[in-house]
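**Student:** Below are the chains, spelled out letter by letter.
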Amino acid sequence: MNTNVQQRVVKVISEILNREESEIRLDTSLLNDLQASSLDQMSLFVALEDEFQSTMPPDEVTGLDTVKDIIEFIDRKLEQTIPT
Amino acid sequence: MNRRVVVTGAGVVSSLGIGVNEFWSHCLQGRSVVASIPRSWHNYADLRSRIWSPLPGIDSETLRVARAERLQLDPVTIFALGAAREAIKDACFTITPAGERSRNFVLSNADSAQTGVFFGTGLGGAFTFLQNHTHHLLRNPRAVLSEYVEKKAPAESREMLKSVVEQLSHGIRFNPFEVSMVMPNAPAAAVGIKYGLTGPNETFCVACASGTVAVGNAYRAVRDGRVEVAVSGGCEFFGDEHGHIFRSFDVSGTLVRDCDNPETANRPFDEKRSGFLFSQGGAAVLVLEEIEHARRREAAIIAELVGFAESFDAHSMMSLAPGGEQIERMLYAALADAKLKPADVDYVNAHGTGTRNNDEIEAQVIDRVFGKSVPVNSTKSLLGHTIGASGAFEAIVTALTLRDGKTHINRNLETPAHDLNFVRRVKDFDPEIGLSQSFAFGGHNAAVVMRRYTD
Chain A
1 MNTNVQQRVV KVISEILNRE ESEIRLDTSL LNDLQASSLD QMSLFVALED
51 EFQSTMPPDE VTGLDTVKDI IEFIDRKLEQ TIPT
Chain B
85 MNRRVVVTGA GVVSSLGIGV NEFWSHCLQG RSVVASIPRS WHNYADLRSR
135 IWSPLPGIDS ETLRVARAER LQLDPVTIFA LGAAREAIKD ACFTITPAGE
185 RSRNFVLSNA DSAQTGVFFG TGLGGAFTFL QNHTHHLLRN PRAVLSEYVE
235 KKAPAESREM LKSVVEQLSH GIRFNPFEVS MVMPNAPAAA VGIKYGLTGP
285 NETFCVACAS GTVAVGNAYR AVRDGRVEVA VSGGCEFFGD EHGHIFRSFD
335 VSGTLVRDCD NPETANRPFD EKRSGFLFSQ GGAAVLVLEE IEHARRREAA
385 IIAELVGFAE SFDAHSMMSL APGGEQIERM LYAALADAKL KPADVDYVNA
435 HGTGTRNNDE IEAQVIDRVF GKSVPVNSTK SLLGHTIGAS GAFEAIVTAL
485 TLRDGKTHIN RNLETPAHDL NFVRRVKDFD PEIGLSQSFA FGGHNAAVVM
535 RRYTD
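In order, the protein sequence lines correspond to chains A and B. The first sequence: position 1 = 1 (the working numbering), numbered continuously. For the working numbering, add 84 to where a residue sits in the second sequence, where the first one is 1.
Hints may contain errors.
As the list claims (entries may be wrong) - Stretch by stretch, here's where chain B covers chain A in the computed footprint (C-beta under 8 Å, at least three residues):
1) 13 to 24
2) 64 to 73
Said to hold, decoys possible - Derived DSSO-like pairs (lysine-lysine); straight-line CA-CA distance at most 30 Å:
3) 511/B <-> 77/A
4) 77/A <-> 246/B
5) 511/B <-> 425/B
6) 490/B <-> 425/B
7) 77/A <-> 235/B
8) 423/B <-> 456/B
9) 68/A <-> 11/A
Hints in this document: simulated from the structure, not taken from any laboratory. We put the beta carbon where it would ideally sit given N, CA and C, even for glycine.
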């Protein structure tokens, strides 16, 4: 797992969901632990797109719930070269 | 119930500066920001106009809009928030965070239910609409063509195809917040949300008269006791990537055509005028307040708003009615609302677009109603045309003119097309009453009347 990606994901989650970074662990669930609504999750993925300059359409991010899920998803995205 | 209404705050995001002080200082210096349009826009159309008035690079953080908000707001709304913050601070309201980690605020010395928001815009979030539309339309074809160019295209056509791919540019995402970004009421709603203002929240969408109509309706709401305080203004953003909005005004023949000398091309009321200078946009916001409410807070009063009226030409979507009869009727109605006569008016901030038709009819009406001696200028001779924001910018200029006893020149006026007292140099004068008028595509006419404030 890319630690740079991990740090940036945690920072964005903290920023968008108004949480302390210390509350956000790899096994933290957006839904159950952070009580992120569907609107919150939409905001989060728009911000992650901005952070990583990569497209994350809703059909690709559906089902991503833990912080680890998100980091691994972004790791995979960054390995690909997707024309935008 | 007729209560007195005063302007206690102003805020600006414009090509002439971010902040009222910079804006007004540049106005009085007769400055104008004019540049060539982005070169890439010429790839998409044969454009007759070639210049515009661009905004300075604006980091939304400097307008106190965080990334989480920026990504869900059209620039038009970000500008509205920036100008509103300045105006609210200028009016000496105390801005307090709404909660420990909240991005929103409350005005601790205002009754939120008695504070309304009244905004005007011509096209609202058109930028976001176009950005998302190009993504929607072009992403897949561009990806397919890119792959073909990389893997299969014959060497002799590769460069040509690469330039085609380049022209099929689009934003990185289809923003899932598009609806709330595009809707014209987003700027007013965002200002209401940001400061917890729960009074009436209204949007006026009447093209180039939007700003004036918004300020006028805010004035009425305070005067009639619907609210104690009104945050009012106009906003616009026309900087889409492919120059689509510029083209739509260009193709209708409204934009300045004589572009060989960009510095002198924009010349409202001049014999050689050839259209208006397209502005990238901006926002202008005024805080209006019931006078005793303002006095109790010991707010600094900029000017008093004393009249407003509207009329409609019922003639043409894109052209003023010849003769300007409905404009004249509207002006008399605005003066009646203010209990004034034409001879009482010491300053007219004209609509003054620089199109052949507008300036000719407007000058005739000013002559008929106010005569040849009243000082007249066009703020669009400096700013270009900010469409839905323009009336609010011009209301601010009118208020500052009355406060300071000086106003800006009508720039690039060499040979006036009409014998009026156009402002040719900045000098002290003693205006007590000022009037700002706007006319719009569709046929909407509106004016606000202001009085110099003295204790």
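**Student:** Within 30 Å, alpha carbon to alpha carbon, are residue 68/A and residue 11/A?
**Tutor:** 14 Å, holds
**Student:** Against the 30 Å threshold, does the CA-CA distance of residue 423/B and residue 456/B hold or violate the hint?
**Tutor:** Roughly 22 Å separates the two Cα atoms, so the pair holds.
**Student:** So if I understand the rule, the pair passes when the alpha-carbon distance is 30 Å or less; does residue 511/B with residue 77/A pass?
**Tutor:** 63 Å, violated
**Student:** Within a Cα-Cα threshold of 30 Å, do residue 77/A and residue 235/B meet the stated pairing?
**Tutor:** 22 Å, holds
**Student:** Taken at face value, is the distance from the CA of residue 425/B to the CA of residue 511/B at most 30 Å?
**Tutor:** 25 Å, holds
**Student:** Are residue 490/B and residue 425/B close enough, with their CA atoms no more than 30 Å apart?
**Tutor:** Distance of about 22 Å is within 30 Å: holds.
**Student:** Using C-beta distances, would you say chain B covers the stretch 13 to 24 of chain A, given that this needs three or more residues below 8 Å?
**Tutor:** holds (count 3)
**Student:** Decide if the proposed pair is consistent with the structure: residue 77/A and residue 246/B, CA atoms, cutoff 30 Å inclusive.
**Tutor:** It holds: about 25 Å lies between the C-alpha atoms, which stays within 30 Å.
**Student:** Please verify the coverage claim for the stretch 64 to 73 of chain A: does it have three or more residues whose C-beta sits within 8 Å of some C-beta in chain B?
**Tutor:** This one is violated; 0 residues, fewer than the three required, reach chain B with a Cβ under 8 Å.
When the structure is compared with the earlier hints, violations turn up for hints 2 and 3 and for no others.
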